[in-house]
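4 protein chains.
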Amino acid sequence: MTTPFKGIIAYPVTPFQADGSIDAAMLTRLVDRMIDAGVHAIAPLGSTGESAYLDDDEWRLAAETSIAAVARRVPTVVGISELTTQGAIRRARFAERLGADAVMVLPVSYWKLTEAEIMAHYRAIGDAVGLPIMLYNNPATSGIDMSPEFIARICREVPSVTMVKESTGDLQRMHRLDQLTEGRVPFYNGSNPLAFAALNAGAAGWCTAAPNLNAALPLALYEAITAGDLARARAVFRRQLPLLQFIVKIGLPTSVKAGLRLQGIDAGDPRLPLRRLGAEHEATLAAILAALEE
Amino acid sequence: MTTPFKGIIAYPVTPFQADGSIDAAMLTRLVDRMIDAGVHAIAPLGSTGESAYLDDDEWRLAAETSIAAVARRVPTVVGISELTTQGAIRRARFAERLGADAVMVLPVSYWKLTEAEIMAHYRAIGDAVGLPIMLYNNPATSGIDMSPEFIARICREVPSVTMVKESTGDLQRMHRLDQLTEGRVPFYNGSNPLAFAALNAGAAGWCTAAPNLNAALPLALYEAITAGDLARARAVFRRQLPLLQFIVKIGLPTSVKAGLRLQGIDAGDPRLPLRRLGAEHEATLAAILAALEE
Amino acid sequence: MTTPFKGIIAYPVTPFQADGSIDAAMLTRLVDRMIDAGVHAIAPLGSTGESAYLDDDEWRLAAETSIAAVARRVPTVVGISELTTQGAIRRARFAERLGADAVMVLPVSYWKLTEAEIMAHYRAIGDAVGLPIMLYNNPATSGIDMSPEFIARICREVPSVTMVKESTGDLQRMHRLDQLTEGRVPFYNGSNPLAFAALNAGAAGWCTAAPNLNAALPLALYEAITAGDLARARAVFRRQLPLLQFIVKIGLPTSVKAGLRLQGIDAGDPRLPLRRLGAEHEATLAAILAALEE
Amino acid sequence: MTTPFKGIIAYPVTPFQADGSIDAAMLTRLVDRMIDAGVHAIAPLGSTGESAYLDDDEWRLAAETSIAAVARRVPTVVGISELTTQGAIRRARFAERLGADAVMVLPVSYWKLTEAEIMAHYRAIGDAVGLPIMLYNNPATSGIDMSPEFIARICREVPSVTMVKESTGDLQRMHRLDQLTEGRVPFYNGSNPLAFAALNAGAAGWCTAAPNLNAALPLALYEAITAGDLARARAVFRRQLPLLQFIVKIGLPTSVKAGLRLQGIDAGDPRLPLRRLGAEHEATLAAILAALEE
Chain A
1 MTTPFKGIIA YPVTPFQADG SIDAAMLTRL VDRMIDAGVH AIAPLGSTGE
51 SAYLDDDEWR LAAETSIAAV ARRVPTVVGI SELTTQGAIR RARFAERLGA
101 DAVMVLPVSY WKLTEAEIMA HYRAIGDAVG LPIMLYNNPA TSGIDMSPEF
151 IARICREVPS VTMVKESTGD LQRMHRLDQL TEGRVPFYNG SNPLAFAALN
201 AGAAGWCTAA PNLNAALPLA LYEAITAGDL ARARAVFRRQ LPLLQFIVKI
251 GLPTSVKAGL RLQGIDAGDP RLPLRRLGAE HEATLAAILA ALEE
Chain B
1 MTTPFKGIIA YPVTPFQADG SIDAAMLTRL VDRMIDAGVH AIAPLGSTGE
51 SAYLDDDEWR LAAETSIAAV ARRVPTVVGI SELTTQGAIR RARFAERLGA
101 DAVMVLPVSY WKLTEAEIMA HYRAIGDAVG LPIMLYNNPA TSGIDMSPEF
151 IARICREVPS VTMVKESTGD LQRMHRLDQL TEGRVPFYNG SNPLAFAALN
201 AGAAGWCTAA PNLNAALPLA LYEAITAGDL ARARAVFRRQ LPLLQFIVKI
251 GLPTSVKAGL RLQGIDAGDP RLPLRRLGAE HEATLAAILA ALEE
Chain C
1 MTTPFKGIIA YPVTPFQADG SIDAAMLTRL VDRMIDAGVH AIAPLGSTGE
51 SAYLDDDEWR LAAETSIAAV ARRVPTVVGI SELTTQGAIR RARFAERLGA
101 DAVMVLPVSY WKLTEAEIMA HYRAIGDAVG LPIMLYNNPA TSGIDMSPEF
151 IARICREVPS VTMVKESTGD LQRMHRLDQL TEGRVPFYNG SNPLAFAALN
201 AGAAGWCTAA PNLNAALPLA LYEAITAGDL ARARAVFRRQ LPLLQFIVKI
251 GLPTSVKAGL RLQGIDAGDP RLPLRRLGAE HEATLAAILA ALEE
Chain D
1 MTTPFKGIIA YPVTPFQADG SIDAAMLTRL VDRMIDAGVH AIAPLGSTGE
51 SAYLDDDEWR LAAETSIAAV ARRVPTVVGI SELTTQGAIR RARFAERLGA
101 DAVMVLPVSY WKLTEAEIMA HYRAIGDAVG LPIMLYNNPA TSGIDMSPEF
151 IARICREVPS VTMVKESTGD LQRMHRLDQL TEGRVPFYNG SNPLAFAALN
201 AGAAGWCTAA PNLNAALPLA LYEAITAGDL ARARAVFRRQ LPLLQFIVKI
251 GLPTSVKAGL RLQGIDAGDP RLPLRRLGAE HEATLAAILA ALEE
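Just so you know, the sequences run in chain order A, B, C and D.
Number 207 in the UniProt record's numbering belongs to position 207 of the first sequence; there are no gaps in the numbering.
Number 190 in the UniProt record's numbering belongs to position 190 of the second sequence; there are no gaps in the numbering.
Number 123 in the UniProt record's numbering belongs to position 123 of the third sequence; there are no gaps in the numbering.
Number 259 in the UniProt record's numbering belongs to position 259 of the fourth sequence; there are no gaps in the numbering.
Take the hints with a grain of salt, since some may be wrong.
[What the hints assert, rightly or not] Simulated pairs of lysine-lysine, DSBU-like, Cα-Cα distance not exceeding 35 Å:
#1 Lys-249/A to Lys-112/A
#2 Lys-249/B to Lys-6/B
#3 Lys-112/D to Lys-249/A
#4 Lys-112/D to Lys-249/C
#5 Lys-112/A to Lys-6/D
#6 Lys-112/A to Lys-249/C
#7 Lys-112/B to Lys-249/C
#8 Lys-112/C to Lys-249/D
#9 Lys-249/B to Lys-6/C
#10 Lys-112/A to Lys-112/D
#11 Lys-249/A to Lys-249/B
#12 Lys-6/B to Lys-112/C
#13 Lys-249/A to Lys-249/C
#14 Lys-249/B to Lys-112/B
#15 Lys-249/A to Lys-112/B
#16 Lys-249/C to Lys-249/B
#17 Lys-6/A to Lys-249/D
#18 Lys-6/C to Lys-112/D
Read the hints as simulated data drawn from the structure, not as lab findings.
Go ahead and model the full structure; you've got the sequences and the hints to work with.
This is how it looks when you write it as structure tokens:
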């Protein structure tokens with residue numbers, strides 16, 4: 001387990017201007033803000049970053065801007081969620097040329113994929129780039145669910161796949177994956193409300209959009225658990241849980257962009273058909289954020 | 001209910017050449033073959049046509065080629081399954097300019113959509129083009145499930161939505177939709193193994209990829225049911241059911257392209273990560289097709 | 001396929017007196033009423049009859065009363081839904097001694113059963129009694145789901161299992177079962193809103209609680225379909241569909257007992273924790289029943 | 001939170017003799033063995049104890065035997081999983097007369113229950129006995145799923161319900177319940193493979209059948225977590241996880257009785273239709289148990 005990725009891996013939203021184009025200056029600002037706050041890595045173009053909604057030129061601009069903003073202060077892992085293998089390879093190569101430290105690959109389905117098709121997808125990307133790959137399992141967005149047994153097999157057969165991000169919210173899968181890989185493949189938590197449990201269970205890191213709105217609390221949770229201070233970890237987790245529950249319930253781009261606006265930062269709206277958070281939910285979010293300031 | 005669409009609505013696959021580019025000549029041939037066999041409408045760029053896997057240029061070529069091949073001999077409905085509202089509008093406008101008779105719109109999710117978001121998506125497309133819209137519900141591929149109650153509401157609020165294609169395979173939804181719209185919105189069956197039941201229940205048509213491989217049997221089923229000949233309908237349905245079950249189980253592009261190859265027609269392979277049908281399944285398909293020739 | 005069971009198989013509720021004991025006189029009256037109306041068979045102690053909620057003495061009284069009331073005017077099939085194999089055998093033997101024509105056996109789970117355990121359950125009952133067994137698949141109440149493939153295997157291996165009642169509401173299972181048994185095992189529809197489709201698809205009968213409230217419409221549907229009159233079948237089904245949807249949505253004992261009360265027949269309330277239908281739902285049911293009288 | 005129940009709450013199997021009757025002497029021995037090993041409470045007649053499969057006389061014998069065997073050395077909570085409210089009250093009263101410290105009540109469904117019906121069920125039992133009630137949520141066996149919001153409401157409205165056992169295996173529900181009750185209602189983990197996470201998250205105890213086979217490891221896990229020793233907790237949990245996964249995958253009565261036999265203790269077989277563990281699985285279990293002895 002020799003990965004530079006551990007701790008709080010922060011997922012910036014992709015800010016849009018009023019005309020729908022990417023706001024590169026704001027993206028730079030968001031990345032800076034999170035690194036200044038102490039996050040351990042940056043992951044542009046994840047689910048939070050509306051990766052799947054961007055065309056090739058936009059995706060490249062967002063990748064380029066993010067990686068330049070990071071400027072190697074922390075490692076970067078770039079998200080790829082493409083329907084076609086060729087599209088995934090094209091984006092992975094681009095990320096590699098830009099100097100990303102890793103790519104995070106989510107196999108997306110329209111037609112369901114067989115295990116052989118998923119395996120070949122990872123293998124083709126692994127053959128095409130020299131970067132380590134973080135396998136990403138998130139059936140709720142991708143429509144594809146990979147079992148711990150199958151994930152462990154991919155890790156064995158595709159050497160580039162050296163990290164696993166699990167977002168099902170099923171803790172038993174992390175225990176199972178850890179068993180099957182005998183602790184040799186670092187796993188990351190992608191289900192925000194499961195962060196406390198996953199880090200306790202040995203997750204190498206927590207992939208989260210929460211630092212867009214509040215980086216201090218996720219960092220404090222990670223530090224309490226690495227320090228073995230269970231009581232403090234419980235307390236700090238309880239404190240941030242309402243925020244985590246809210247952003248997951250609403251969806252990350254919608255809720256995070258609304259929260260940024262409440263904090264005086266205009267990152268625009270999510271891309272249609274996703275819409276700006278409604279007034280009632282916005283009031284709830286305002287109350288949640290205010291409580292964290294106390 | 002004044003729609004030109006009824007009966008067997010045939011979904012051509014999108015053929016690829018060895019280099020992965022669209023084989024327009026073969027697409028023309030497939031469309032011709034199905035019209036010659038008597039199908040009542042052509043629907044390019046459906047799920048069968050790998051619509052979601054094509055880039056804009058490819059999608060336009062497939063639309064253009066198909067509509068030209070049909071040459072107004074039967075009506076055409078062009079499939080649109082885009083993540084973004086802007087992308088869906090762009091494709092719908094293109095279809096309109098080419099002379100399509102309707103567009104079939106599937107709201108695709110990465111992030112789950114609220115009902116307000118889905119409604120706004122249909123409204124925006126309806127405002128952008130003058131064509132009638134066939135609403136398409138297919139949670140297995142799109143990740144979005146619209147209830148009959150919600151679909152009926154869309155039909156009321158968005159005047160362009162004049163047809164509904166249901167692919168959940170739940171017959172009760174068709175009964176329910178028919179109740180809620182008081183029989184005024186024609187509905188179409190998109191679940192192949194449910195064709196017999198759906199047509200009995202009053203479906204205006206059956207949207208199917210089966211005519212790529214065999215148009216005679218779907219047409220015979222439709223004719224038997226419109227003639228009120230239940231015994232013949234049962235017999236002709238039983239005869240084709242193994243083919244319908246197989247193509248649904250395997251996935252339409254993969255199974256239909258394999259079947260075409262068995263019939264001596266090279267429409268290429270589905271696009272990666274989808275892969276050519278394996279040898280064992282191919283043997284099963286060969287046996288199923290052979291039995292239909294007897 | 002030599003079974004006496006076909007057509008409308010009516011499931012009486014088990015009426016209770018105010019003190020919670022079985023109202024045998026009312027049970028006799030309900031059975032009489034349905035036979036007088038023309039139903040083709042009677043099935044006491046089904047899900048509708050709250051079979052699972054009765055102790056052994058009550059169950060015997062209900063079985064005895066029903067079979068005596070039928071008096072061989074039509075065939076009877078007695079429902080058995082017991083957690084233990086011994087309990088199921090005890091009840092099956094009792095039904096046999098009373099002169100039942102068949103038993104309908106639902107394997108009920110607390111702990112999930114393996115296929116070997118379910119097979120042994122049916123085999124043990126088959127060995128213990130000389131009656132034909134109607135296998136009953138209803139995962140929503142029993143917690144056990146048997147695939148068409150497994151059901152077909154039970155039919156092959158346990159000769160007493162000569163009929164299958166499917167209540168999943170998935171029409172494709174009926175097609176599949178019919179394929180797998182080559183049409184030799186009569187199947188029955190247990191999902192009320194699927195009655196039209198199931199009878200069209202060749203179901204030998206429809207197991208239903210609806211005749212407690214209205215026997216004429218289910219009988220008319222069956223007759224229209226056996227006469228091959230699809231238009232009339234559709235019309236008569238549309239007419240009764242709101243009633244079928246309502247009783248399924250609410251649950252059969254609760255809704256049927258409420259409907260009987262609205263018709264001036266006091267069959268008591270369902271057994272606690274099941275409760276009498278609330279006022280709002282009762283008003284809906286009254287409107288549905290009134291519409292059927294027009 | 002003034003409950004005597006915390007730590008490892010052990011669920012004895014109900015042993016049967018060869019003729020199917022309860023083996024009271026063996027039940028006494030199993031209870032003794034677990035108390036001697038240090039478990040903090042005994043819970044006879046849980047899911048493990050095949051409570052749902054016993055008739056009234058058997059249930060009473062098992063309750064009586066267990067409570068006498070405990071002899072107030074540790075607290076006892078008696079499991080009740082009855083379809084009818086009257087049956088649940090009858091058993092709760094019996095447990096009270098015998099001196100149980102609490103009853104654990106699982107609402108079991110045949111017909112689905114509304115929230116009003118479930119609430120009334122708990123209220124009726126609460127009114128009938130003076131014992132505290134542990135609400136038990138286990139949709140996999142009972143067919144009823146209670147949300148954290150609804151459970152919190154029951155706790156507010158039925159004063160006797162003072163404890164909650166959650167067996168869904170969804171850790172977020174425990175966090176949510178803790179939020180909703182502001183930490184005032186102790187919750188217990190009923191999902192064995194979730195034990196580490198649940199105790200970390202603040203569960204008051206772990207309800208488990210594992211001590212039938214090995215009490216030392218669950219006790220060591222509880223102690224490590226209460227001592228705040230996360231590293232030791234992880235290690236001791238990893239060690240016992242294969243056993244926990246196995247008994248959950250197979251089902252508790254079947255796997256625990258097989259394990260006892262491997263340890264030289266004849267507790268009989270589970271009651272039909274449940275069957276003795278097959279040879280292949282038995283070999284797996286033998287290996288798992290042997291590894292724990294090393």
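**Prompt:** Okay, which hints does this one fail, numbers in order?
**Reply:** 5, 12
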